[in-house]
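Respectively, the protein sequence lines represent chains L and E.
Using the working numbering, the letters of the first sequence correspond one by one to residues 40 to 382.
Using the working numbering, the letters of the second sequence correspond one by one to residues 40 to 382.
Some clues are possibly wrong.
To be verified - The following label-pair restraints were derived from C-beta to C-beta distances:
#1 L:ALA241 with E:SER192: 53 to 61 Å
#2 L:GLY369 with E:ARG130: 32 to 40 Å
#3 E:GLY315 with L:ILE375: 18 to 26 Å
#4 L:GLN222 with E:ASN319: 24 to 32 Å
#5 L:GLN222 with E:ARG130: 50 to 58 Å
#6 L:ARG81 with E:ASP207: 42 to 50 Å
#7 E:ASN120 with L:LYS333: 47 to 55 Å
#8 L:MET217 with E:ASP73: 19 to 27 Å
#9 E:ARG130 with L:LYS378: 23 to 31 Å
To be verified - No more than 25 Å apart at the CA atoms, straight line, and that leaves these computed lysine-lysine pairs for BS3-like:
#10 L:LYS248 with E:LYS63
#11 L:LYS208 with L:LYS63
#12 L:LYS240 with E:LYS63
#13 E:LYS248 with L:LYS252
#14 E:LYS333 with E:LYS248
#15 E:LYS252 with L:LYS63
#16 L:LYS63 with E:LYS240
#17 E:LYS248 with E:LYS350
#18 E:LYS45 with L:LYS350
#19 E:LYS63 with L:LYS45
#20 E:LYS45 with L:LYS45
#21 E:LYS184 with E:LYS208
#22 L:LYS370 with L:LYS350
#23 E:LYS63 with L:LYS208
#24 E:LYS248 with L:LYS63
#25 L:LYS63 with E:LYS208
#26 E:LYS63 with E:LYS317
Hint data in this document are derived by calculation from the structure and do not stem from the laboratory.
Just so it is clear, CB atoms sit at the ideal spot from N, CA and C, and this is done for glycine as well.
There are 2 protein chains.
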Amino acid sequence: APVVDKEVDFANYFCTYAYLYHQKEMLCDRVRMDAYHSAVFRNAHHFRDKVVLDVGTGSGILAIWSAQAGARKVYAVEATNMAEHARELARANGVTDIVEVIQGTVEDIELPEKVDVIISEWMGYFLLRESMFDSVICARDRWLKPDGVMYPSHARMWLAPIRTGLGDKKMEDLDVAMDDWGQFVEETQVYYGVNMNVLSKAYRAEHEKFYLKSSIWNNLHPNQVIGQAAVIKEMDCLTATVDEIREIRAQVMLPISLDGARLAALAGWFDVHFRGSKQNPANEEVFLLTPSLKVSKGDSVNVSFSMVRSKENHRLMDMEFTYELHEFSGKQHPAITTKMYLE
Amino acid sequence: APVVDKEVDFANYFCTYAYLYHQKEMLCDRVRMDAYHSAVFRNAHHFRDKVVLDVGTGSGILAIWSAQAGARKVYAVEATNMAEHARELARANGVTDIVEVIQGTVEDIELPEKVDVIISEWMGYFLLRESMFDSVICARDRWLKPDGVMYPSHARMWLAPIRTGLGDKKMEDLDVAMDDWGQFVEETQVYYGVNMNVLSKAYRAEHEKFYLKSSIWNNLHPNQVIGQAAVIKEMDCLTATVDEIREIRAQVMLPISLDGARLAALAGWFDVHFRGSKQNPANEEVFLLTPSLKVSKGDSVNVSFSMVRSKENHRLMDMEFTYELHEFSGKQHPAITTKMYLE
Ligand SMILES: Nc1ncnc2c1ncn2[C@@H]1O[C@H](CSCC[C@H](N)C(=O)O)[C@@H](O)[C@H]1O
Ligand SMILES: Nc1ncnc2c1ncn2[C@@H]1O[C@H](CSCC[C@H](N)C(=O)O)[C@@H](O)[C@H]1O
């Protein structure tokens, strides 16, 4: 595992979470809120008279709900100064003798007792971005009773073949950026006597990474999905280990179900499960495939996927996709490999 | 002086400079480019057969110009991987035996000899944001010959009283943000049973800081200036010390020259001087004054100004303005103090 500079990491990672503006963004995400709300209140028996640990309480919302659902005690741990606001909020909502807000990282704090329930909203883009699940695992191993429960309890990552015009749009953006660069090279020669052309290739590479090889957060229409989705990773939050998520590798066969379509991207999303309820995705990540492929019903696409943490920042992900078209006729196309960045 | 965590600082500060995209932005800034270009070529006698140090060479542009102007040797120091591109650029422009690119921070690198000229483009917003001049001072003290010269050689910071509708616009934005928050509080109570109202004050404070107390980068029209500008800081780059810029304090009297105007902000800008040429400002920082003041010709505004480095990030600045209207009639208004952030 690469060495993580804790200071650098914390300074960057926790920065945005210290703003009410950002906490509010999350509190306005109805899909997320409804999933946790019903998870807590429909399973109130799991919370009644129990001891709960909220990992990364932020504004304190999940801790307050846990108290309202009948918890005897809730430890609400938050790294940033948002902890102060969570404390105020608990007070204003009359649960101050149940919710104890502790400012610190869950890796470093101490609790006076083990807990029955761990609740946390740790999911980043495509589930694992931010690597916050590491902190939940750490909390679980230190503080969860042997018969304790996790909220959420399970998580899955999905991939599906899709059609989309996003790739063409991004290609155009790239062309515009390169035209602009061309003009810049010309003007710098004329006005300032320096030939910048030698950097054109590097400029293009920088922009290709930005436009074509960065995943795009998007709301897909169901009819963009042109074949079957596949689970590429399944996790039991009670037993998952950091080793298991540090590197995700999968190989899946995606059958195409639409005739004369263009496979222009893969979509990636996650869902998480609570006891009895589920958080479905509201948005998907789009991973462009350049070149795209003409596909037909009956074809299938063999996808090898890998995702590892970026060397510069362990909270970001470097992915690699290898895709290979098998036509229904038996004809097989050469495999194409492309890198993709989740930043 | 506050302790600076070098790792955190470097990770954040140098991040953007590692992109060609950002270097190009600077290379497309005509005001900046023209000022340095004429500074070098109109003073070619300062460069001919001389040894030059370019502090923070970025793409290498100033180093290449120095070589083209006749320098015997140019040490071009750059902290980021941009150094590699600077090296390519020097090669492509035929100055590879003169320009030696050294990747590292200027504080840490070693040179084989002292230099005759230090050239650097170290100026941030309102001159001192980024605190990069610290690095230039360090380079000067370590490597400049006793009779060496600095490019630029002098720098000044200015303040002027202005009228602007920006404050009203920002007030409206703040109102919209607070209306939105009000609706959020209501909905969170109704749908999720939690009363968020206790955080309203903190939310407002967070947004006031963002909308009203952050300096605004703006291109002013000359007729917005309603009185006389004043120099609040003057620096000789040959003798300036870090102690002298760590904290800037000034008190100036700004005479108003327009009747029936509203003093809604102060504008701040800088200029720098080279031997014989000058870089005039292309843009100004706007520091809103809330409340604004009705002023008339003959009045004057007494402004006390302080600027210190922010505790969390020494490259950002915390400012404080105290403004006090003296009417021509002799009537004196109470002093008003406001904080302002340069981020
Ligand atoms: N290791 C760690 N220790 C403590 N807090 C952490 C943490 N890692 C992330 N966090 C905090 O976890 C929060 C995740 S966002 C979720 C906030 C809140 N539970 C809600 O559902 O609205 C952020 O506020 C972040 O600062
Ligand atoms: N202490 C330091 N040591 C080396 N490089 C530094 C530095 N502080 C800042 N820099 C670099 O200085 C550059 C400033 S921007 C100016 C770039 C170039 N001279 C031009 O005029 O276009 C950035 O590339 C930054 O990475």
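Consistency of the hints with the structure:
Separation of ALA241 (chain L) from SER192 (chain E) is about 34 Å and departs from the stated range, judged on CB atoms against 53 to 61 Å. For the hinted restraint 32 to 40 Å between GLY369 (chain L) and ARG130 (chain E), the CB-CB distance of approximately 52 Å leaves it violated. The hinted window of 18 to 26 Å between GLY315 (chain E) and ILE375 (chain L) is violated, with their beta carbons roughly 59 Å apart. Checked against the hint of 24 to 32 Å, the C-beta distance between GLN222 (chain L) and ASN319 (chain E) comes to roughly 25 Å, which is consistent with it.
In this structure, GLN222 (chain L) and ARG130 (chain E) break the distance hint of 50 to 58 Å, their C-beta atoms being roughly 23 Å apart. Taking 42 to 50 Å as the suggested C-beta distance range, the pair ARG81 (chain L) and ASP207 (chain E) conforms, at roughly 49 Å. Remark: the range hint 47 to 55 Å for ASN120 (chain E) to LYS333 (chain L) is contradicted by a beta-carbon distance near 39 Å. At roughly 26 Å, the beta-carbon separation of MET217 (chain L) and ASP73 (chain E) lies within the given 19 to 27 Å, and the hint holds.
Distance hint check for ARG130 (chain E) and LYS378 (chain L): the Cβ-Cβ separation is about 28 Å, which falls inside the suggested range of 23 to 31 Å. Simply put, LYS248 (chain L) and LYS63 (chain E) have alpha-carbon atoms about 17 Å apart, close enough for the 25 Å limit, and the pair holds. A C-alpha spacing of about 31 Å is found between LYS208 (chain L) and LYS63 (chain L), which places the hinted pair above 25 Å, so the restraint is violated. Using a Cα cut-off of 25 Å, the hinted pair LYS240 (chain L) and LYS63 (chain E) holds, with the two alpha carbons roughly 14 Å apart.
Under the criterion of a C-alpha separation no larger than 25 Å, the hint pairing LYS248 (chain E) with LYS252 (chain L) is inconsistent with the structure, at around 36 Å. Under the criterion of a C-alpha separation no larger than 25 Å, the hint pairing LYS333 (chain E) with LYS248 (chain E) is consistent with the structure, at around 24 Å. Straight-line distance between C-alpha atoms of LYS252 (chain E) and LYS63 (chain L) comes to about 21 Å, which keeps the hinted pair within the 25 Å bound. Distance check on the hinted pair: LYS63 (chain L) and LYS240 (chain E) sit about 14 Å apart at the alpha-carbon level, within 25 Å; holds.
This hinted pair checks out: LYS248 (chain E) and LYS350 (chain E) have alpha carbons roughly 16 Å apart, not beyond 25 Å. Between LYS45 (chain E) and LYS350 (chain L), the direct Cα distance comes to roughly 19 Å. Compliance with the 25 Å bound is thereby established for this hinted pair. Among the hinted pairs, LYS63 (chain E) with LYS45 (chain L) is inconsistent with the structure: their alpha-carbon atoms are about 32 Å apart, more than 25 Å. For the hint pairing LYS45 (chain E) with LYS45 (chain L), the CA-to-CA distance comes to about 13 Å; that is within 25 Å, so the pair holds.
Restraint check for LYS184 (chain E) and LYS208 (chain E): not satisfied, since their Cα atoms lie roughly 52 Å apart, outside the 25 Å limit. For the hint pairing LYS370 (chain L) with LYS350 (chain L), the CA-to-CA distance comes to about 39 Å; that exceeds 25 Å, so the pair is violated. At most 25 Å may separate the alpha-carbon atoms for a hinted pair to count; LYS63 (chain E) and LYS208 (chain L) meet this at roughly 23 Å. The suggested pairing of LYS248 (chain E) with LYS63 (chain L) holds, with an alpha-carbon distance near 17 Å, which does not exceed 25 Å.
Our distance criterion of 25 Å between C-alpha atoms is met by LYS63 (chain L) and LYS208 (chain E), whose separation comes to about 23 Å. Taking the CA atoms of LYS63 (chain E) and LYS317 (chain E), the gap is about 22 Å. The hint holds against a cut of 25 Å.
Checked against the numbered hints listed earlier, the structure breaks hints 1, 2, 3, 5, 7, 11, 13, 19, 21 and 22; every other hint is satisfied.
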